[in-house]
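J.: One-letter residues, chain by chain:
2 protein chains.
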Amino acid sequence: MQENLMKVQRIEHGTVVDHILPGMAFDVLRVLRMSNDRSMSILINSHSRKGGKKDILKIEDVELSAQEASRVALISPQATINIIVGGKVVRKFNAEAPKVVRGVLTCSNPNCISNQNEPVTTEFRLGPDDGHRYVCSYCERDIVDLAKRIR
Amino acid sequence: MQENLMKVQRIEHGTVVDHILPGMAFDVLRVLRMSNDRSMSILINSHSRKGGKKDILKIEDVELSAQEASRVALISPQATINIIVGGKVVRKFNAEAPKVVRGVLTCSNPNCISNQNEPVTTEFRLGPDDGHRYVCSYCERDIVDLAKRIR
Chain A
1 MQENLMKVQR
11 IEHGTVVDHI
21 LPGMAFDVLR
31 VLRMSNDRSM
41 SILINSHSRK
51 GGKKDILKIE
61 DVELSAQEAS
71 RVALISPQAT
81 INIIVGGKVV
91 RKFNAEAPKV
101 VRGVLTCSNP
111 NCISNQNEPV
121 TTEFRLGPDD
131 GHRYVCSYCE
141 RDIVDLAKRI
151 R
Chain B
1 MQENLMKVQR
11 IEHGTVVDHI
21 LPGMAFDVLR
31 VLRMSNDRSM
41 SILINSHSRK
51 GGKKDILKIE
61 DVELSAQEAS
71 RVALISPQAT
81 INIIVGGKVV
91 RKFNAEAPKV
101 VRGVLTCSNP
111 NCISNQNEPV
121 TTEFRLGPDD
131 GHRYVCSYCE
141 RDIVDLAKRI
151 R
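Here the protein sequences come in this chain order: A and B. Take 1 as the starting number for the first sequence in my numbering and just add one per residue. Take 1 as the starting number for the second sequence in my numbering and just add one per residue.
If we strip away everything but chain A, and leave its shape as in the complex, we get:
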């Protein structure tokens, strides 16, 4: 009986986002603005073959664009995107963290002009170092917890 309950249907067409940071799959869904009328499988804190844990997201009948993939990379930079057509992986790529992010994140600085009800679209730049750090273009404040700053 358990086998039936557990089986995950083979995906024929869609996207598998693998190597999501453990516990971040819900945030990935949020940045993708994925509606819950899609068929999806979400694995949270799955044991990785290489040891450690990861989340996996499988979305049926959706092929993520490069732009959507970069949104994933925003909060989970090491994620890999697998596009599946006819039951086969036809394209696999690493999500690339966007250099500039407009309108997705909010600044944590209450005095930033982007928080003053002005007609200003938020903008953040990827920092020059390797720390996957985003800096507000208006007030230069770093974002500390990216997932919490998603609009």
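Check before you lean on any hint, since a few could be wrong.
Since the list can't tell identical chains apart, any single copy or any two copies may satisfy a pair.
Said to hold, decoys possible - List of simulated lysine-lysine pairs, DSSO-like, C-alpha gap at most 30 angstroms:
1. Lys50 with Lys148
2. Lys148 with Lys88
3. Lys148 with Lys92
4. Lys50 with Lys88
5. Lys88 with Lys53
Since the hints were derived computationally from the structure, they do not count as laboratory data. Only a predicted model underlies this, so the values are computations on that prediction, with no experimental measurement involved.
Here the structure of chain A is known, so what remains is to put chain B in place on it, guided by the hints.
T.: What follows is chain B alone, placed relative to chain A:
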């Protein structure tokens, strides 16, 4: 390659919540106040063998109590709970909708005493008919969209 990506590990110990109303698994996680450091699999809009769609939730190393199961039934009354120990289903039961719910739901009536910052715990009764309807014990207002009224 896809097979590796897709495989869902057989659960050795934990709970499978099956037959969740399609699209409601996230709300079930919310009422269970399940933290995202658990290993979980969530299937959204999975095709049911009987036709139609359902959500399935698999939580490792957690055995839901009857009280927790009744919270599931609150928003997804036809869900079934499977407790798994040593890789086998040792107990299977239907979640039973609670007759009285205290402190979980909020009333949609802004004039209800439970919305007046008074030291009052919200309380709802299951209606006598078969409509899975909850009524506020203070102001007698029906809850229209249960999932939205969860605190």
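J.: For this structure, which hints from the list above don't hold up?
T.: 2
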